[in-house]
Amino acid sequence: MPNVISLPTLSITGATVWMFFAFVIAVWVIATLVLEYHWENYAVNEQKIVSVRFLYRAGSFFFLAIIFLTVISYSLS
Amino acid sequence: MISLEQNETIILRGRRHWFILALRLLPLVPFIFIPLLVFGILSIVPPQTDSFIKMSGNGATFAIFILFSWFLFVWIGAFIIWTDYFLDILIITNKRIINIEQKALFSRETASLRLDKIQDITIDINGILATFLSFGNMRIQTAGEQEEFVIRFIKNPESLKNAILKEHNRVVEELREVRIAKDPS
Chain A
1 MPNVISLPTL SITGATVWMF FAFVIAVWVI ATLVLEYHWE NYAVNEQKIV
51 SVRFLYRAGS FFFLAIIFLT VISYSLS
Chain B
1001 MISLEQNETI ILRGRRHWFI LALRLLPLVP FIFIPLLVFG ILSIVPPQTD
1051 SFIKMSGNGA TFAIFILFSW FLFVWIGAFI IWTDYFLDIL IITNKRIINI
1101 EQKALFSRET ASLRLDKIQD ITIDINGILA TFLSFGNMRI QTAGEQEEFV
1151 IRFIKNPESL KNAILKEHNR VVEELREVRI AKDPS
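In order, the protein sequences belong to chains A and B.
Each residue of the first sequence is one higher than the one before, starting from 1 at the first, in this note's numbering.
Each residue of the second sequence is one higher than the one before, starting from 1001 at the first, in this note's numbering.
To be clear, the hints were calculated from the coordinates, so they are not data collected in a lab.
The calculated lysine-lysine pairs, modelled on DSS-like cross-linking and capped at a C-alpha distance of 27 Å, are:
#	chain 1	residue 1	chain 2	residue 2
1	B	Lys1182	B	Lys1166
2	B	Lys1155	B	Lys1117
3	B	Lys1155	A	Lys48
4	A	Lys48	B	Lys1103
5	B	Lys1117	B	Lys1161
6	B	Lys1161	B	Lys1103
7	B	Lys1161	B	Lys1095
8	B	Lys1095	B	Lys1166
9	A	Lys48	B	Lys1095
10	B	Lys1103	B	Lys1155
11	B	Lys1166	B	Lys1155
12	B	Lys1161	A	Lys48
This one's a predicted model, so the numbers in the text were calculated from it and none came from an experiment.
Let's have the full structure, built from the sequences with the hints guiding it.
Structure follows, in structure tokens:
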């Protein structure tokens, strides 16, 4: 008996991955702006914020760098 | 940003215990392992998705992209939780006690009471962990109509209580001296 139900095909092209990447960047930018605003305006212990800000940025750039490289790699492959 | 009065200086800051932060961060731990578990299962039992998902590039590269995007969101979540924890603070100045509670990222409550209004401070340390790690709830009863001041899961409540009482006694003594100077009879 032939299969009458056909699922829609999800095509993940290089452009799709770039769109996902743009979404990830947008979320990161919004979250970072919100966090920075709170640290800048409400934190009492400035020294602690300096080290936490460094940790947050270092970790974020590490993840973003890997994400960016995978997007490039996927687009080229 | 808290605004201090003229001649007001911060003497001490009190925070919730780090154990409370650890408890709040704990729900994020499964989120680290969820994608690893999913990819692990998919590598053992590959789904029949040839007709459903069409990838123009390398599937493994796309999986790494998803994995690290997920980790980035968990990373952001951890810092949101940390910020919520860090911005909860009890500030003892030479004039008053300021309690700032960050209820959520966009919800913040600041309460203050003058040191001379304090009538009693009670500390409530419940449980084995609270006893060994030295954290508990502190209740400050005040004179007048102001409601009771409750600070939960504060680190080293005993030393904070002593510091507050010391400052309270100093302020009361100063006020008494001022009254005597004004009316010596």
